[in-house]
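Student: Numbering-wise, our numbering comes out as the position in the sequence shown, counting from 1, plus 39.
In short, the hints are calculated from the structure, not lab data.
Honestly, I wouldn't trust all of these hints.
Said to hold, decoys possible - Derived lysine-lysine pairs resembling BS3-like cross-links, with alpha carbons at most 30 Å apart:
1) 112 - 102
2) 100 - 112
3) 45 - 74
4) 126 - 102
5) 112 - 126
6) 74 - 55
7) 126 - 100
8) 55 - 45
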Amino acid sequence: MPSVPKIRPISDLRNKFSDISRAVHESHEPVYLTKNGRGDMVVMSLEAYEQNLFESEIYLKLKEAEYQAASVKQRYTHSETMTELRKIIVGKETPKKRRGGLPHV
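Full structure from sequences and hints, please.
Tutor: Printed below as a string of structure tokens:
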């Protein structure tokens, strides 16, 4: 179940910085800061920020794969894919080019 967002006034950034820092590091959740009652910025730990970037990159790569799959009719079995990956990993072969320009992996 998602947690309730932590919302604090922006003045807490100056007056209670250590509390905010502790909150983002302990909970791994962002703290939303408001200015004049409206959302202004988000503070999060570096670890949470990097995880967010990683997940965004994975999501974009999955979307790219979906678009590529929709543009070609040829499909590969799990066995074919794993065989090709093993060849690439042991350095016996460079990736084969598929229609669409991306390597067959």
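Student: The structure should be examined with respect to each hint, and the outcome stated for every one.
Tutor: Evaluated hints:
| no. | hint | result |
| --- | --- | --- |
| 1 | 112 - 102 | holds (17 Å) |
| 2 | 100 - 112 | holds (20 Å) |
| 3 | 45 - 74 | holds (14 Å) |
| 4 | 126 - 102 | holds (26 Å) |
| 5 | 112 - 126 | holds (24 Å) |
| 6 | 74 - 55 | holds (15 Å) |
| 7 | 126 - 100 | holds (23 Å) |
| 8 | 55 - 45 | holds (14 Å) |
This entry satisfies every hint, going by the numbered hints stated previously.
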